[in-house]
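S.K.: Letter by letter, the chains look like this.
There are 2 protein chains.
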Amino acid sequence: MKLPVSTEWVLHCASSLAQLDAGSSASTAQLAEYYDLPAAYLAKQLKALVKAGVLAATTGPRGGFRLARPAAEITLLQIVEAVDGASAPYECREIRRQGRGALPDEECRRTCVLAEKMADAHQAWRDSLTGVTLADILATLTPSAMARTRLRLTGTA
Amino acid sequence: MKLPVSTEWVLHCASSLAQLDAGSSASTAQLAEYYDLPAAYLAKQLKALVKAGVLAATTGPRGGFRLARPAAEITLLQIVEAVDGASAPYECREIRRQGRGALPDEECRRTCVLAEKMADAHQAWRDSLTGVTLADILATLTPSAMARTRLRLTGTA
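Protein chains in written order, with my numbering: chain A, 13 to 169; chain B, 13 to 169.
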């Protein structure tokens, strides 16, 4: 059970963009240099964040990315699922219905209790990440750390 | 983020073995026929359950697998991690330390707050699966369903 390596990228990029002033944005190239990441692959991930409504893309010579919504309204779950999707890690292929032990249809109307417990665990994971917003992450940073982020990312503190 | 397909197999096999009478066991061939699964690949998964202390292997002509411990002492987490390992899905490669935005060492003594929140979510998933034992699963089955399992799996009700 592995999340893509780019999960770390998007969590950090979104957190950095959350530190910019309103109206400010950062380009793919700026974000790639800031974290020393491959720009082409990062661009794909940023596009996924736009599609998920986490980031907004601005066009033009000073175009780039900014948060699409206030930091307090963007959860870590939204960022993670933007690049990995929302499908559950456990796949129930209904083996209870096959082989010598196959259960009759009438006993399979309810979800298998094992699939149910696995879904509960996935929901616990999702709830945990829903409980953390980008505003919560920013609250752990000092004003000077945020000013440094702005300066190094966009050249303006 | 995907669990191996065999996760469903081991959850069901362990649940079925939990329904056998004390002293009784089922072979790889019996379990493979019961669920119509490929025996060679299933054997590998059952071996992983033995290694994890979930199942015990008995040898001899009537040899096979049985629970290594009481059903109330075997959690779904132990079964799932027996085949998928216990490593967390989120991998922190410390990108905060690289590129133009690289943080100084003294600011990286604590775990990155994003890695921390991802670890919290994984722990919530683990806690959820630790909270369910094979005894809980058996409690959802009727005595006649369990007698049928025994009959079809080992030929003795």
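Keep in mind that a hint or two might mislead.
Because identical chains share one entry, a pair is satisfied inside a single copy or across any pair of copies.
Calculated lysine-lysine pairs in the DSS-like style (CA-CA distance at most 27 Å, straight line) [stated by the list, open to error]:
{"hint": "1", "residue 1": "Lys129", "residue 2": "Lys56"}
{"hint": "2", "residue 1": "Lys129", "residue 2": "Lys63"}
{"hint": "3", "residue 1": "Lys14", "residue 2": "Lys63"}
{"hint": "4", "residue 1": "Lys14", "residue 2": "Lys59"}
{"hint": "5", "residue 1": "Lys14", "residue 2": "Lys56"}
{"hint": "6", "residue 1": "Lys129", "residue 2": "Lys59"}
Read the hints as simulated data drawn from the structure, not as lab findings.
All figures in this text were calculated on a predicted structure; none of them were measured in a lab.
S.K.: If you test the structure against every hint from before, which numbers come out violated?
M.R.: none
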